[in-house]
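Build the full structure now, drawing on both the sequences and the hints.
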Amino acid sequence: MLSYDRKTVPIAEGVNVKVDLIVQAISSISEMTASFTADVFFSQIWLDPGLAFENITKCLANLTLSYRTIDDIWLPNVCFQNSKSTLIHSSPTPNIFLLIYPNGTIWVNYRVKVEAPCELDMSSFPMDVQRCTMTFESYSFNVGRVRLDWLETAVILDLQGKLPDFELTLYTWKKQQFYYPAGQWDQLKATFYFRRTYGYYILQLYLPTYASVFISWIAFWLDPKCLPGRITLGVSSLMALTFQYGNVARSLPKVSYMKAMDVWIFASMGFIFLSLVELAVVGHVDKTTQKTNDWQEEISEEIARKRSDIECNYQIRARKRQAKS
43 MLSYDRKTVP
53 IAEGVNVKVD
63 LIVQAISSIS
73 EMTASFTADV
83 FFSQIWLDPG
93 LAFENITKCL
103 ANLTLSYRTI
113 DDIWLPNVCF
123 QNSKSTLIHS
133 SPTPNIFLLI
143 YPNGTIWVNY
153 RVKVEAPCEL
163 DMSSFPMDVQ
173 RCTMTFESYS
183 FNVGRVRLDW
193 LETAVILDLQ
203 GKLPDFELTL
213 YTWKKQQFYY
223 PAGQWDQLKA
233 TFYFRRTYGY
243 YILQLYLPTY
253 ASVFISWIAF
263 WLDPKCLPGR
273 ITLGVSSLMA
283 LTFQYGNVAR
293 SLPKVSYMKA
303 MDVWIFASMG
313 FIFLSLVELA
323 VVGHVDKTTQ
333 KTNDWQEEIS
343 EEIARKRSDI
353 ECNYQIRARK
363 RQAKS
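Residue 367, in our numbering, is where the sequence shown stops; the numbers in between run on with no holes.
Just to be clear, a hint being listed does not mean it is correct.
What the hints assert, rightly or not - Straight line, CA to CA, 35 Å or less: simulated DSBU-like cross-link-like pairs of lysine-lysine:
#  : residue 1 : residue 2
1  : K231      : K155
2  : K216      : K126
3  : K204      : K301
4  : K60       : K126
5  : K267      : K126
6  : K204      : K267
7  : K329      : K348
8  : K126      : K217
9  : K329      : K217
10 : K60       : K296
11 : K49       : K126
12 : K267      : K60
13 : K155      : K217
14 : K216      : K329
15 : K217      : K204
16 : K216      : K155
17 : K362      : K348
18 : K204      : K216
To be verified - Derived CB-CB ranges, DEER-like:
#  : residue 1 : residue 2 : range
19 : K296      : Q219      : 34 to 40 Å
20 : Y222      : Y248      : 24 to 30 Å
21 : N335      : S166      : 52 to 58 Å
In case anyone wonders, no lab produced these hints; they're calculated from the structure. All C-beta atoms in this analysis are idealised placements derived from N, C-alpha and C, irrespective of residue type, glycine included.
What follows is the structure, encoded as structure tokens:
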């Protein structure tokens with residue numbers, strides 16, 4: 043132990059490091075930052091023969107040490123490679139667990155709050171599924187020095203509470219390799235699939251848009267002569283629909299592709315717009331019909347007047363002829 047060097051890799055051929063992940067809580071998923079936040083227990087297990095004590099004492103099954111001892115031993119430096127932020131909990135001291143077995147096997151566990159990225163795809167919103175990934179790799183050593191792999195129980199869920207707008211439907215894990223200019227690195231990926239619970243959007247979006255479209259159709263049953271009232275119904279429905287859409291879209295990222303919600307809103311706007319077009323057509327037809335009727339009445343009156351004048355003239359001439367005879 044006196045000759046132990048924390049700066050040297052314990053095994054010249056390279057160290058095999060086993061990793062596992064226990065997800066304690068998923069506190070949020072943010073569409074605006076395309077990330078999710080989780081509290082996890084993150085473990086690393088490897089063999090360091092320089093710390094074996096089985097030849098020193100047979101009385102200890104294992105040795106648990108203070109978190110401060112971490113700074114005195116060699117570490118594989120496995121990190122959250124793709125995290126946006128990472129914080130080791132301190133309640134009240136840093137939540138770091140260090141255990142050494144007699145043969146030199148080391149188990150280090152951290153309780154960490156990590157914010158990791160999600161591959162945001164809003165095309166099916168609000169019935170979408172989001173995929174979020176945590177990636178682990180050794181920050182300091184390539185596969186020539188550190189080889190990573192998952193434990194048999196790679197990812198375990200011990201969730202406390204649930205998210206209000208998402209539910210975890212699937213999680214997977216895999217191992218892959220990535221090439222950097224400095225060499226080849228092992229990467230471990232844990233992927234989580236979250237399905238959005240869309241009950242909120244049924245109440246806040248779908249039902250109000252249904253109501254707006256149906257209200258715009260009430261104008262079809264009104265008297266065509268009540269044109270101002272019919273137009274007011276249609277325009278009010280269109281404004282209400284626009285407000286509902288803006289209220290939901292305000293909390294979403296500004297993506298440049300069409301979402302399922304956009305298709306629904308535009309279709310609803312199309313129905314309301316067509317109802318306004320129908321009102322305009324009815325108003326135009328009614329006005330044209332009224333003008334035609336007025337013109338026909340004027341012609342009929344003029345014909346009747348001319349006929350009356352002709353009859354009067356005929357009667358006057360007939361009387362004059364009778365008087366002469």
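Here is what the structure says about each hint:
1. Taking the CA atoms of K231 and K155, the gap is near 17 Å; set against the 35 Å cutoff, the hint holds.
2. The hinted pair formed by K216 and K126 meets the criterion: a straight-line CA distance of about 21 Å does not exceed 35 Å.
3. In summary, the hint linking K204 to K301 is supported, as the alpha carbons are separated by about 26 Å, within the 35 Å threshold.
4. At roughly 24 Å between alpha-carbon atoms, K60 and K126 fall within 35 Å of each other, so this suggested pair holds.
5. A threshold of 35 Å between alpha carbons decides the hint, and for K267 with K126 the separation of about 63 Å lies outside it, so the pair is violated.
6. For the hint pairing K204 with K267, the CA-to-CA distance comes to about 56 Å; that exceeds 35 Å, so the pair is violated.
7. Taking the CA atoms of K329 and K348, the gap is about 28 Å. The hint holds against a cut of 35 Å.
8. Restraint check for K126 and K217: the C-alpha separation of about 21 Å stays at or below 35 Å, so the hint holds.
9. Among the hinted pairs, K329 with K217 is inconsistent with the structure: their alpha-carbon atoms are about 75 Å apart, more than 35 Å.
10. For the hint pairing K60 with K296, the CA-to-CA distance comes to about 41 Å; that exceeds 35 Å, so the pair is violated.
11. For the hint pairing K49 with K126, the CA-to-CA distance comes to about 28 Å; that is within 35 Å, so the pair holds.
12. Taken as a hint, the K267 and K60 pair is broken in the structure, with Cα atoms around 80 Å apart against an allowance of 35 Å.
13. As the CA atoms of K155 and K217 are separated by approximately 23 Å, the hinted pair is consistent with the 35 Å bound.
14. Proximity of K216 to K329 is assessed by CA-CA distance (about 72 Å); at most 35 Å being required, the pair is judged violated.
15. For the suggested pair K217 and K204, the alpha carbons sit about 28 Å apart, so the restraint of at most 35 Å is met.
16. Between the alpha carbons of K216 and K155 the distance comes to roughly 22 Å, so the proposed pair stays at or under 35 Å and holds.
17. With a CA separation close to 21 Å, the supplied pair K362 and K348 stays within the 35 Å bound.
18. Pair hint K204 plus K216 holds up; C-alpha atoms about 25 Å apart against a cutoff of 35 Å.
19. For the pair K296 and Q219, the supplied restraint of 34 to 40 Å holds, since their beta-carbon distance comes to about 36 Å.
20. Evaluation of the 24 to 30 Å hint for Y222 and Y248 yields a failure: the beta carbon distance comes to about 48 Å.
21. For the pair N335 and S166, the beta carbons lie near 54 Å from each other, so the given range of 52 to 58 Å is met.
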